[in-house]
Amino acid sequence: MSALIEIRGLTKVYQRGKQKVEALHAIDLDIERGDFVALMGPSGSGKTTLLNLIGGLDSPSSGSINIDGQALERMSGAALARWRARHVGFVFQFYNLLPVLTAQRNVELPLLLTRLPSAERRKRAAVALQLVGLADRGQHKPRELSGGQEQRVAIARAIVSDPSLLVCDEPTGDLDRETADEILELLQMLNRDHGKTIVMVTHDPKAADHARRLVRLDKGTLVAAEAAA
Amino acid sequence: MKYLHLVWAGLFRKKVRTILTLLSVVVAFLLFGMLQAVSEAFEAGAEQARADRLVTNSRYSIIEMLPIGYLPRIEAVPGVRTVAFASWFGGSYQDRPAQFGVFPVEPERYLRAVPEIVLPPDQAERWRDTRDGAIVGRSVAARYGWQVGDRVTLVADIWPQRDGSNEWNFEITGIYTSPDSEQNEGALLFQHEYFDEARQFARGTVGWFLVQVEDPDRAEEVALAIDALFANSPNETKTQTEKAFAQGFARQFGDIGLIVTAILGAVFFTILVLTGNTMAQAVRERIPELAILKTLGFSDRAVLGLVVAESLLMVLVGGILGLVLAGAALGAVGAALAGFGIQGISASVASSGLVVMLLLGLVVGLPPALRAMRLRVVDALGGHQ
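If you read the protein sequences in the order shown, they are chains A and B.
When you line the first sequence up against the numbering used here, it's residues 1 to 229, in that order.
When you line the second sequence up against the numbering used here, it's residues 1 to 385, in that order.
I should point out that these hints are in silico values taken from the structure, not numbers from a laboratory.
Accuracy of the hints is not assured; some may be wrong.
Stated by the list, open to error - Derived DSS-like pairs: lysine-lysine, alpha-carbon spacing no greater than 25 Å straight-line: (1) B/Lys2 / A/Lys123; (2) A/Lys206 / A/Lys20; (3) B/Lys238 / A/Lys141; (4) B/Lys2 / B/Lys15; (5) A/Lys141 / B/Lys243; (6) B/Lys15 / A/Lys141.
Said to hold, decoys possible - Computed Cβ-Cβ distance ranges for the label pairs, DEER-style: (7) A/Arg8 / B/Leu362: 25 to 35 Å; (8) B/Arg301 / A/Asp176: 39 to 49 Å; (9) A/Ala26 / B/Arg301: 34 to 44 Å; (10) B/Asp300 / A/Pro117: 25 to 35 Å; (11) A/Gly69 / B/Lys14: 39 to 49 Å; (12) B/Asp300 / A/Gly69: 18 to 28 Å; (13) B/Leu359 / A/Ala135: 43 to 53 Å; (14) A/Arg192 / B/Asp300: 35 to 45 Å; (15) A/Asp162 / B/Asp300: 20 to 30 Å; (16) A/Arg82 / B/Leu362: 19 to 29 Å; (17) B/Leu359 / A/Arg192: 48 to 58 Å; (18) A/Ser43 / B/Leu358: 47 to 57 Å.
A quick note: this is a predicted structure, and the numbers were derived from the prediction, not measured.
We put the CB at the ideal spot given by N, CA and C, even for glycine.
Only chain B is shown next, with the shape it has when bound in the complex (with noise of 0.2 Å):
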């Protein structure tokens, strides 16, 4: 700590430049929070998949329906505990397409077949009870405000009614949580009965069956089952891990990792570059500021240690500052976004950040530190260096 004062007045030696490449530093650890959020929101389906439950969908397309006469039949499969299913639904809200997943399903049989949603037993049952009956997370009431008992009206962009309409009203009869995941508290889910009788088209067919099987190593085996079950019919199945279904619905956007890797890749080549021709111009320009150092009895790596400080100083004071401006653009983006799960700078984004911030500090700062360390004090006294 005795030697900050030296480190900070070092890298402040010419304010203007070291300022524009801070700032350098700052816009390219903001992106780096707000990509990596939301590649983490993504990934997260995938992480919080369970093991003992697969997802049956079209063999061809995730948008492909399948008609409703296969549950008996999946559910026959010896190695099948229970059998839910779920379809697709979109919609906005308020003129905005919905900012949170909407998803017909049948209560009973979904509350069985994802025990992480917990919702009260009262809640529960007037739900099953009420036909436009829907169920919200609480995240997605919390931002709207919606209360037990509010009515609440979705445009269909593709299920029209049968009157034409559409106009969807729903009844909020219960508010669920997800005691492990945020995340799976951003949707909205309702009465696949409702649904089937007033949609215009495609009566009698799900989006996907969620399967839970009895033993997870099994798992492998009862999906080649199901599949085995319809193969060579007008609809075939593809049965796979709900990890596996995850990330195939998270890649309909496109390989979010690799955009998000491409573009932080070309940002950090950029502020390495940037960074680095800062700190060799500014080591250059200080030779005989060094050289009197060690003249003054600093040794050899003491110098070097000098130099990587500053430059881990530069990075961190940049990148510390990006990732707190990422994550209050996240908090103020990210109510719009629950939905996506996105919800702001998480434990592992900001300890991957720091990460990055002392390789890019090492790698900077190393190549002028050795120099600063071979320097000669005798030739660079004289200027021969």
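Isolated chain A (complex conformation) (with noise of 0.2 Å):
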């Protein structure tokens, strides 16, 4: 496996009010390509943002972050959007669908930023669905799914345009345990299936296990990096 992602030195400063906040400190890290990386650590940890940092949703004070060959620090706040929305994928711990569109729709709306044609993007959307095994709830809205399903639905929309990294923020955290397996199972299969490299933030250590690796970040700094058990 060649390294995916690599972070050098890189360090995040919050300017609260007068005050200054270290996030993360002078972290180093690479992700190899298809590794499926859990980010563990206490709350007020760093791992957030060093998950935020990964996806393109923050820059960094200092440092670097190299993902696939693009330095990401140095690019702009629209080059990044259009970053992300080629090579990321993101599931949230409240999966963060979009009430007012049925789960179709859901999963269709990154592939608006694509010249796709309608009828491709609702084939590719339909795909998804159907690999999250929800084939039968295109025209559901988010309110008529159970929790599960709505992170299924997550799912489907950040592996629709097909990124190679998907980054999850707690993706089990709002689910009961038998679910939350379901889902880990299903993350799982899509990093050993279909090669995504996956980087999720999580408190469980039971939702850890499925990962491959674990990265222990405490005070902003990297304590540990281990293979998982």
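Combine both chains into one complex, guided by the hints.
Here's what the structure looks like:
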């Protein structure tokens, strides 16, 4: 495996009023292509900040993040938006689906940024929904779905444009154990069978067990990187 | 177009609120369409005024009559080509104030001075030869189903006859057209001679003279010369261009333009506040959703465009519906008001309405759209905005 993500000396400082808060300090980390990494650590350890930086949602204060040859820290806001649309899929704890759209339309959203014709967009969304086991729920609005189903729709939306990287922030944090396991198995399948590189923030050791590698953060510093159990 | 479903869904996120706001926009543009049509009709007289025609009336009031003896003296002024005259009759038809202009005129002179009125020669001749003959505009004839040869009775409210009767009977001897302006077709013209002989008082007087000049560039000079003729007489005159006369005539009803502007100003200010509040609230409630769009790769400009498009769509849907309803309402009452030249929603009212819609949509949509554009994804997802 080759490194898809190369992080060097990554530091993030937030300004809160007159106070400066260092959320991440001099992080060095490589994540291989096709890896499934769980980021763990106590609250305030900087794991979500690191995930946001890897996903191109925020810019570092110093240091570099190189993903598949692209230096994210040098990109403008607009360039980062274009890069996210092409290369990253996002999965959140609370699903973050648009409540006014059907599952099918939610999954289609990232494809609106492409030049694909409408029929092709519909077709790809249907394939993504099929892959997550919700082929028959396309016309349902999010409020008509269970939490697990909503998260599956969110995963379908994350993979519909075939990104190389999936960024997941506590994807099972709002689900019961059984449903959480189903979601984690789905992510494992995407990693194993479809070669998606996954970076997942979690508090849950059982969720982390589904990853190949565990990265621990504490107080903004990388404290351990080890193979998962 | 591929974003239309997204814009539409965002707009109807809160159906009741959006429908109520939409209704207020509909009502605003219904008023806009109707009031603009009225204002346009009042201005139309001035718009259609000819540059080579002057109107001479009493210096002190439009309702003061002038001696008909002024006619040869005005005709003798250098630069005058031809002179006609007319008076205001008013009157009622079928127990209602006449919804069309009624003017006694001298046929030969009037048709010469007002060439925009087109009357077939045989009907013109019949009009001249019939003492109580009258001609009517095509739109008036169509509205009342009048045909040549029909008899019509008007009831005078200013001009009783010598025998005390208020009933004036006319024979329709012709139906004229005015190819350049349908508004000109909203009148009934009858013989001045009949009027002058039969009326109870003010015989030998007319309301105003229509003076056609040879050279429009010398119109002002001719006007001054006419007024100089009658200076210091018991009936001093005021001669002005037909446009100024038409504007003065319309002002008898009040400054329609100012009234319309004031009403619409108040209406649109209210709409601005109401719609602006709806849009601001809609964006405030959707910050996490807008942040998700940005997360998925929608650029700041795309998010700005989506919010502005929502605002424009709401105002355009409401506004166009309002103008269509205004057109239908004017169509329903327009027949009764055709004498005022109110025809319906003209292309100029529709296009100015469209401009107002676009401006309103932008003014209302831009502040929340800019807020959405400046949204930082990380803060919004973290619940900090």
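Here is how each hint holds up against the structure:
1. At roughly 15 Å between alpha-carbon atoms, B/Lys2 and A/Lys123 fall within 25 Å of each other, so this suggested pair holds.
2. Simply put, A/Lys206 and A/Lys20 have alpha-carbon atoms about 35 Å apart, too far for the 25 Å limit, and the pair is violated.
3. This hinted pair does not check out: B/Lys238 and A/Lys141 have alpha carbons roughly 75 Å apart, beyond 25 Å.
4. Proximity of B/Lys2 to B/Lys15 is assessed by CA-CA distance (about 22 Å); at most 25 Å being required, the pair is judged to hold.
5. Annotation: proposed proximity of A/Lys141 to B/Lys243 is violated, straight-line Cα distance about 63 Å (limit 25 Å).
6. For the suggested pair B/Lys15 and A/Lys141, the alpha carbons sit about 16 Å apart, so the restraint of at most 25 Å is met.
7. Roughly 46 Å separates the CB atoms of A/Arg8 and B/Leu362, a value that falls outside the hinted 25 to 35 Å.
8. With their beta carbons about 41 Å apart, B/Arg301 and A/Asp176 fall inside the hinted range of 39 to 49 Å.
9. Between A/Ala26 and B/Arg301 the Cβ separation comes to about 35 Å, which falls inside the hinted range of 34 to 44 Å.
10. The hinted window of 25 to 35 Å between B/Asp300 and A/Pro117 holds, with their beta carbons roughly 26 Å apart.
11. Look at A/Gly69 against B/Lys14: about 45 Å separates their beta carbons, and that is inside 39 to 49 Å.
12. For B/Asp300 and A/Gly69, the Cβ-Cβ distance of about 25 Å falls inside the hinted range of 18 to 28 Å, so the restraint holds.
13. At roughly 47 Å, the beta-carbon separation of B/Leu359 and A/Ala135 lies within the given 43 to 53 Å, and the hint holds.
14. Separated by about 37 Å at the C-beta atoms, A/Arg192 and B/Asp300 satisfy the suggested range of 35 to 45 Å.
15. The supplied range of 20 to 30 Å is met by A/Asp162 and B/Asp300, whose beta-carbon atoms lie about 25 Å from each other.
16. Between A/Arg82 and B/Leu362 the Cβ separation comes to about 27 Å, which falls inside the hinted range of 19 to 29 Å.
17. Between B/Leu359 and A/Arg192 the beta carbon distance is about 57 Å. The supplied range of 48 to 58 Å therefore holds.
18. At roughly 49 Å, the beta carbons of A/Ser43 and B/Leu358 sit within the given window of 47 to 57 Å.
Taken one by one, the earlier hints fail for this structure at numbers 2, 3, 5 and 7, listed in ascending order.
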